[in-house]
Structures are given as structure tokens and as C-alpha cells.
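Visitor: Keeping their order, the protein sequence lines are chains A and B.
120 is the number that the numbering used here gives to position 109 of the first sequence; each next residue is one higher, with no gaps.
54 is the number that the numbering used here gives to position 59 of the second sequence; each next residue is one higher, with no gaps.
Treat the hints loosely; a few may be bogus.
[As the list claims (entries may be wrong)] Reference listing, derived: stretches of chain A covered by chain B, where coverage requires no fewer than 3 residues with Cβ under 8 Å from a Cβ of chain B:
1) 49 to 60
2) 76 to 82
3) 88 to 95
4) 105 to 112
5) 140 to 148
6) 209 to 219
7) 227 to 238
Hints listed in this document are in silico derivations from the structure and should not be mistaken for laboratory results.
All C-beta atoms in this analysis are idealised placements derived from N, C-alpha and C, irrespective of residue type, glycine included.
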Amino acid sequence: MSVIEQLNGSSLYLICGGIVLVIAVICVLFLVRAWRAGKALGMDTVRMKRAITSSATFSLLPSVGILLGVLALSGSLGLPWPWLRLSVIGALHYETQVAAAAAEQVGVSLSPDAMTTQAFATIALLMSFCIMWGMVLTTLFNKRYTKRLQKADLTKRSGSGFGDMAMTAMFIGMVSAYLGSYLGDFVSGNGRFTFSGAWTPLAVVAVAALAMAGFTFLAEKKHWEWLDNFSVAGSMLLGMAAAVIIGH
Amino acid sequence: MNQNHSIDTEKYEAYLKSTHRLGRIASVLTLVLLLGAPFLIGNLLGTAPDLGAAARGFVSVGLVWTVSSIVEYLVYTPMLGAGGSYLAFITGNLINMKIPCAMNAREMVGAKAGTPENEVISTLSIATSALVTIVVLAVGVALMIPLSPILESPVLQPAFANVVPALFGAMAYKYYRKDVRLALVPLVVMTLLFMFVPSLTSSTSFMIIPAGAMAIGLSWMRYRKMKKEDGQE
């Protein structure tokens, strides 16, 4: 049995499905409590129903986009684990980056041929560990922080100073490291400056970037805002399709 | 569109108190399940996670996401309220779904930030949104299971082997267009570095640290310059 077949085994579906179910129960609990609290506080149930209906319809398209992300990750990590990660806490760009970093540390690449069971377990652990801080912070500080917010109404603060710029810069740095590695690998991968290294990743980068440009153009200029929900997953799938064409 | 009646403060405080209790229990439970699952799965597969490799992976890429998580927590909690923030950080997909979804619901019913009404509406909105995602993904995965043999076919393997370049291609367009000039410097420096020291490609995730530091440093210099110019005007 291949590693991917093991990662698609029924026991993994049971474990991941069980966790998804627990999270679903938590969501239902919060939903019911908020509904009851709203009624007890004298809120209009029609407006509460509108909030639920609009949120459900609002979430449909992005959820389909997330499903495409599960498909993108399923080839190297099997179906159950990406299903859990993207149902519960993660986001496609985060999951892929962390999985690639973890794979690198165990000496494999994030590809179906290279995957081992230990690499998978390590990748899964790092995926869970790196993104847990939001939950840790809410557990430790939410009570105090929300109380302070109630008093100070910090939501009225305008401008986020250097924070936004730093976040963008951080991601630009991250992307640059990977693009630099693909360019460097092509130029010097088979001997310094031989220009005979792997070029498929560069072609995939180019196709995915072009696809993203297309999605952005249609969303911004043609006002097809709904397309934004599919932009990352759609661009990735087009880039991956290019790899299939190149591979043949 | 504000409600005219007064909100019962005592009832609201009691609701908030129990929300924090439930939120903490739910967060700790989720943490235990998510951190325990890799060990349980590893055990089933006859192996265990390589903790040393996981620690090195955390140093290379996890620190970036830790900073990102702290910023997200500080920025989004005021918008989401207590119940909404517990749920949002458990269920994820904040920027691409939960935040705009909650904002949309809030605007639709005319709830103001920081009010009890906002607390209830954002919790209803995020819980609904998370449940929709859970259902869509469960149905989608159930439909995909029969397709597993196709997904595992050798023809499609180049696609899955290139999932990371595909991600960074999409991300490159998304982030570089925000600041092309800033992007050029780390891109050129990193490319040259990988060209002259090809062995570094096996440590790409570690190179995120100097690349990120370089980009943040340049961004900080520009920010200072902008502030200075604003002060002079």
C-alpha cells in the first residue's frame, strides 16, 4: 500500500471526521446560545434570521473555493487531513507554506512520490502547531481584552500605522525567498550558472501569477467580486494544470 | 436601524461570562484534538512526528505565522466581539471569509461595533459561516472519495508535486502588486544568493527569515520617511 493510499485510509477519515464533527457541535452551541441571548435581550428575531441567512449565502462561494484547496493539497497529503485543516482552522496559503517548510525539514518535498509516513506526521504536527496562536491568545486574554475594548471602544481608532505595511512586507519577503529559490535552482541547480536546472516550477509560478492577474482584473475592473473567492485556489489549480501539460 | 428598547445589562453580562467559559473550553479542546491528531495518526501508521524537524520548521516558517496570528488577534477581536472571536480563531479562514461575512451581517442589521447586538449578530454570523463551510467540505470530500484513484494517477502527479510553486505564483502577484519597488530588492538578493549558493535551495524556508527581515527593514525606512514628510507639511 502506497503512502498516499494509507493517508486516504478509513481510519484517517474517522479521526479527521470526528474532529470536524466536534467543531461543528461547538459552532451549533455558540449559534443556539447567541440566538437565545438575542431573544432574551429583546432583539428582533427577524433581524437575527436575516443575519443567519445572509451569512449562509455569503459563505457558500468561498466554501467552494476552500474545497478546491482541499483538492490541491490532496495529492500530496491525502484527502482526510486537508479536509480537516481547511474545515477547521487553516487557510490554503498557510497550510501549503507550512507543509512545504515541514517537508523540507524532514528532507522530502511536498510531492506524492516523496511523501513518507513520518514526513506526513511531522507536517501534520507543524500545521497544527504554527497556527494555534489565535486560539491560545483568545483562551488566555479574550476576557480581559474584550472588557478593555468595551471601556475604551478601540474600534473607533483610525489607521493601523506600520502594522499593515509590515505584514505586506513580511509576505513579500516570504514569496521572494521561494521565487528566488526557483530562479536559483534553474540557473545553478545542475552546476553553477549552467541554466539547466528544473524549469517546471518557474513555468508553474508564471501561469499561477498570470491566472491571479486575470482573476484580479475580472474582480476589480469587471466588478465580478464573487470571483475573488476562487482566485487563490483557481490560480493554483491552473498553475498545477500547467505542470501536468509540461510533464507530458 | 437601532433598537429602541434598553438591553438588560445583567443578562448580557451573564451571557458574556458564560461565553468566555465556553469559548475557553472549546479552544482548549480544539487545541488538544488538533495537536493530538498527528501523534494518533502517526501511531496508526507505525511512526511518530519528527519533533526536531518540526522545531526547525517552526523556527523557519512558524515565527512568521505567530506574529501574523498576534496581529490578527489584536485587530480582529474588536470587530468580532467575544463569542465571534473564539469561534473565528477555532474555525479559521478569517480574512477571506469570516471577517467580511460578520461585517456584512452587521451592516445588514445595522448593529454598531461594541454593542450587545453586535456581539450576538457576529456570533450568529460566524457560527453559520463555519457550519456552511463544514457542510460544503464534507459533501465535497464525500464526492471526491470515488475520484481518489484518478487523483492518485501518475498523470496528475506533476500537478501535486508543484502545489508550492503554484501557491507562490498566485501570492507573488497578490503581494508584489501592492509594492513592486519593495519586492524587487528581496527578490533580486534572494535570487543571487540561490544562484551563487545552490545548496541553499534545501533550506528555502529558513531563507524566509532574512528575506522577510530585509523587506520589513526597507518598509520601515520608507514608513519613517513618510512620517517625516508628513511632519514637515
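Visitor: Hints first: check each against the structure and report whether it holds.
Guide: Right, here's what the structure says about each hint:
no.	hint	result
1	49 to 60	holds (count 8)
2	76 to 82	holds (count 5)
3	88 to 95	holds (count 5)
4	105 to 112	holds (count 6)
5	140 to 148	holds (count 9)
6	209 to 219	holds (count 8)
7	227 to 238	violated (count 1)
Taken one by one, the earlier hints fail for this structure only at number 7.
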